[in-house]
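Working from the sequences, and respecting the hints, build out all of it.
Sequences listed follow chains A, B and C, in order. Note that my numbering has the first sequence beginning at 1, numbered continuously upward. Note that my numbering has the second sequence beginning at 320, numbered continuously upward. Note that my numbering has the third sequence beginning at 606, numbered continuously upward.
The set of hints was computed from the structure by calculation and includes no laboratory data. Some hints could be false.
[As the list claims (entries may be wrong)] Simulated restraints on C-beta separations: (1) A:Glu306 <-> B:Ala331: 55 to 63 Å; (2) A:Gly20 <-> C:Arg739: 18 to 26 Å; (3) C:Gln656 <-> B:Trp550: 25 to 33 Å; (4) B:Gln494 <-> C:Leu657: 54 to 62 Å; (5) A:Met73 <-> C:Ile613: 48 to 56 Å; (6) A:Glu138 <-> B:Leu504: 58 to 66 Å; (7) B:Asp508 <-> C:Ile613: 39 to 47 Å; (8) B:Ala583 <-> C:Ile613: 41 to 49 Å; (9) B:Pro362 <-> C:Leu657: 40 to 48 Å; (10) A:Pro60 <-> C:His856: 14 to 22 Å; (11) B:Trp550 <-> C:Ser777: 18 to 26 Å; (12) C:Val614 <-> B:Ala415: 42 to 50 Å; (13) A:Ala84 <-> C:Ala800: 51 to 59 Å.
Just so it is clear, the structure is predicted and the values come from calculations on it, not from any experiment. For every residue, glycine included, the Cβ atom is placed at its ideal position computed from N, Cα and C.
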Amino acid sequence: MSNALLEVVNLKVYFYTLSGVVRAVDDVSLSVLPGEWIGIVGESGSGKSTLAYAIAKIVPPPGRIVGGKVKFMNRDLMELNEEAMRGIRGRHIGFVFQDPLTSLDPLRTVGDQLAEVIQVHLGVGREEAIREAGELLELVNIPRDRLNYYPHQLSGGQRQRIVIAISIALRPELLIADEPTTALDVIVQDQIMDLLKEVQMKGASIMLITHDVALAAEMANRIAIMYAGEIVEYGDTRSIINAPLHPYTAGLVNSVPDLWSAKTIKSIPGFPPDLRNPSPGCRFHPRCRQALSICINERPPMTIVEHDRCIACWLYLKR
Amino acid sequence: MMTLFLSTPISAFIRSFPQPAKSMLILGLVIVISIVVMAILAPYIAPHDPASRVYIELQPPSRNYLMGTNHVGMDVFSRVVWGSRVVLFVVAVSAAISMAFGVPLGLISGYYGGLVDRVLSIIMDSIYAFPSLILAIAVAAVLGPSPLNAAISIAVIYVPTYYRMVRGETLKVKQMPFIEALIVLGCSDATILKSIFRNITQTVLVVFSLSVADAILTEAALSFLGLSVTWPTPDWGLDLRSGQPHLLNGYWWIAMCPGLMIIALSLGFALIGEALSDYFSIAAKV
Amino acid sequence: MAGLGRYIVIRASLIVPTILILYTFVFILLRVLPGDPILAVVGTRYIPPAQLEEMRRMAGLDKPILVQYFDYLLGVMLRGDFGKTLASPIGKPVSEYLWERLPATVELTIASLIVASLIGFITGVGGALRRGSRLDTSMRIYSILTYTLFIPVLGMGLQYFLGLKLKLFYVSGRLSAGIYVPRLTGLLLLDSLLAGDLNAFTDALRHIVLPSLTLGIVLSGAYTRLIRNNLVEVLNSDFIRAYRARGIPGHRVAMYAIKNAFIPVVTYMGLQIAMLLGGAVLTETTFSWPGLGRFIYERIEYRDYSSIQGAVILFAFIVGLMNLIVDIVYALIDPRVKY
Chain A
1 MSNALLEVVN LKVYFYTLSG VVRAVDDVSL SVLPGEWIGI VGESGSGKST
51 LAYAIAKIVP PPGRIVGGKV KFMNRDLMEL NEEAMRGIRG RHIGFVFQDP
101 LTSLDPLRTV GDQLAEVIQV HLGVGREEAI REAGELLELV NIPRDRLNYY
151 PHQLSGGQRQ RIVIAISIAL RPELLIADEP TTALDVIVQD QIMDLLKEVQ
201 MKGASIMLIT HDVALAAEMA NRIAIMYAGE IVEYGDTRSI INAPLHPYTA
251 GLVNSVPDLW SAKTIKSIPG FPPDLRNPSP GCRFHPRCRQ ALSICINERP
301 PMTIVEHDRC IACWLYLKR
Chain B
320 MMTLFLSTPI SAFIRSFPQP AKSMLILGLV IVISIVVMAI LAPYIAPHDP
370 ASRVYIELQP PSRNYLMGTN HVGMDVFSRV VWGSRVVLFV VAVSAAISMA
420 FGVPLGLISG YYGGLVDRVL SIIMDSIYAF PSLILAIAVA AVLGPSPLNA
470 AISIAVIYVP TYYRMVRGET LKVKQMPFIE ALIVLGCSDA TILKSIFRNI
520 TQTVLVVFSL SVADAILTEA ALSFLGLSVT WPTPDWGLDL RSGQPHLLNG
570 YWWIAMCPGL MIIALSLGFA LIGEALSDYF SIAAKV
Chain C
606 MAGLGRYIVI RASLIVPTIL ILYTFVFILL RVLPGDPILA VVGTRYIPPA
656 QLEEMRRMAG LDKPILVQYF DYLLGVMLRG DFGKTLASPI GKPVSEYLWE
706 RLPATVELTI ASLIVASLIG FITGVGGALR RGSRLDTSMR IYSILTYTLF
756 IPVLGMGLQY FLGLKLKLFY VSGRLSAGIY VPRLTGLLLL DSLLAGDLNA
806 FTDALRHIVL PSLTLGIVLS GAYTRLIRNN LVEVLNSDFI RAYRARGIPG
856 HRVAMYAIKN AFIPVVTYMG LQIAMLLGGA VLTETTFSWP GLGRFIYERI
906 EYRDYSSIQG AVILFAFIVG LMNLIVDIVY ALIDPRVKY
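Right under this line is the structure:
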């Protein structure tokens, strides 16, 4: 019996495309504690969004979950049927997607979409749902009369607030935010992050999926770094940022510009591997300056190096 | 012969197509090439005179008369073979005319913009919105029935098709850095237009294939309505028309043999067009 | 609703130039092209010059071309006058024929649209839900094939099998001899129901099945493709994934997806009107369906160019009107259209 809210164990999600099997998420394990804020950081294509979809079992075809376990609130989600999963999505796991411009139905008013999720999950009448929807709007700082607006009549920031309002309507235990601010400008970004912070203060766990290390460092108390379908390092934010161990993490951290220091920004040379037939060894080795001969042929296992800090890299493993 | 073909750049081009576009392209080419060959070699392929009585009328297909005989005892197969010449002639002439007008107008309209572009666009859009077949019928009815007049009528209705696609592509290509570079370098308009044209040939090719597929049906429609050749010249659309009363009495081959040829030829071009538009990822509407 | 009223007025006024351009285009084509309409009617027969002049005068061809242009336009706009027939029966108002024939075409096109959208909906949704499957590929082949199906050939195929062999439906005309339906709307299916005559209704139905199936199948391919592609796009869109992530039941999500996928289909219906009316000419000719298209065909044989001009210009008006209707429907169903 663990006290984790969410536990992902050896999760594998493969996409069966015409040109081969893409191992988008390969043997990923991680846990989320109640009330914590975890950041999943990786480049685009690293499988971080797919990981999020897999947790709610909404991986789009031709993707399939081919192995592993997802335990949420002490239930094994892999055992649940679609009906039971529907009761969890929206109710216990909320989602905020990247693009607020496209994650609302353009043909329905925001009030309808907000009220719908309340009606579906709580079985309350429409009037009550609308009233609650109005309260939710005010909670995210949008005037109640916007209920009758269509998405195209609102700004990007307002729409993202509404998306958040929908996702927290039922006070889910876990809120997964997939690049929630990438499509927004900087000031709006801050406001959205503040809003998410408030949600966390009320007791929810937040999983922030982002390519932006700096943002994750600012918000999350723990960070997991994903590369090419695998988690390569995770631990508490401070130690990851101050003393990154994995060469990839170090590369990411060094690529962040810093206003106050004159350090030179270094990008990581090379490109992520083709996930259709990744090398049997460490997937980062072709881009790694410190690669050892073992890195080419053997995959480094995930190992605990200090308290709550794990890493998958041969450099830190005693053989 | 075969090995020679396999080593040409054309075959390399065809082989570079992904599936299912490749199958579509090959099937389309086979259909079109066989019909063109049939038209060219008509005197050698057709076993009988297409326009005179050679046997008892209304006989079903047999070994000597592959597609049977029609209501006046003509050999349907020979008529089908010779009939391919009319449709190919009309379609080739009309495609040449409509390209000769549509492509330059589209280039000029897209490149220069301004008033000329606006006026041309409104006119072309209006014609495009109108039922093309009805327009062709009206023109052909005034010009009088003849293959050349049919070709002119068909040409009129496909000018807007070329114009719209070429104009749209020109607007896109014009924005590209290499064209802007030519403008900055002070090249003459003729040079720049030539350069733009080279970059839209793929589009023209796709529009050509798809609109020819459509033009074949329009040609067949005009001759079906008696606006192209006159009896007893062998022609698919006309034979379809004259065979209909007999089809309703059970003698299906007189109408259906030329009718299915119309579909086959149109399908051949449509398949080529589909494959090319897949390959170049051009969304063309005809 | 005041906004909508204004929107309709603006849209309607935008249709006017389109109709004017079409009218002008048809007018120029018919007058400037070589070929004297009067001589075309006369053909090889000998007619005294005086009588030729009389015919020319009756057709209004003796006046200056600009006068002809405005006379005809005003006649159509103000009095619904489309000129007089030039061939037997000579001198009858073309408009009489047009109004008599119009309902048949309207009935046929409505029935064909229903057939086309039903087939298009089923095949398109089927292909989209199983994209990449063999079903999807066959739907694509179907849509290419319908594009090249020559209407008379398909029509005759159906006549042969469903009419001649199975004797399920009639192969020509609108109504059997001896059956009479009082004319209210001119749409036989509707009129026979209004008259409470079930026998006539069945008869009319058995006549319209084959022509509307023919035209419907040919049109359906475009819908198949359009609905499939739109639905694939919508199903991959973020908001559908967002619906699922909120635990909204599948049937509701499907409904929202279809609603979104259909908006471009409405726009396309506007573009397809041209194809529909062009197809109607061939369908009507194949099935001896007494509509406007068949009328054009009949008048071609007489070289009655003034009837042809009248019908073509009436078609131009229909195209304009249908485009207007599509615009309004579009505005009603898509909240993003501002009015």
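Results of checking the hints against the structure:
A C-beta distance of roughly 59 Å is found between A:Glu306 and B:Ala331, which places it inside the suggested range of 55 to 63 Å. For the hinted restraint 18 to 26 Å between A:Gly20 and C:Arg739, the CB-CB distance of approximately 20 Å keeps it satisfied. Between C:Gln656 and B:Trp550 the beta carbon distance is about 30 Å. The supplied range of 25 to 33 Å therefore holds. Evaluation of the 54 to 62 Å hint for B:Gln494 and C:Leu657 yields a pass: the beta carbon distance comes to about 58 Å.
The hint said 48 to 56 Å for the Cβ distance between A:Met73 and C:Ile613, and at roughly 55 Å that hint holds. Range check, A:Glu138 to B:Leu504: about 60 Å between beta-carbon atoms, so the 58 to 66 Å window is met. In this structure the hint that B:Asp508 and C:Ile613 lie 39 to 47 Å apart at CB holds, the actual value being about 43 Å. Here the CB-CB span from B:Ala583 to C:Ile613 is close to 46 Å, well matched to the stated 41 to 49 Å.
Between B:Pro362 and C:Leu657 the beta carbons are some 44 Å apart, a value that agrees with the proposed interval 40 to 48 Å. As the Cβ distance of A:Pro60 to C:His856 is approximately 19 Å, the hint placing it in 14 to 22 Å holds. Under the hint 18 to 26 Å, the C-beta atoms of B:Trp550 and C:Ser777, about 22 Å apart, fit the expected range. Here the CB-CB span from C:Val614 to B:Ala415 is close to 44 Å, well matched to the stated 42 to 50 Å.
With their beta carbons about 57 Å apart, A:Ala84 and C:Ala800 fall inside the hinted range of 51 to 59 Å.
Checked against the numbered hints listed earlier, the structure breaks none of them; every hint is satisfied.
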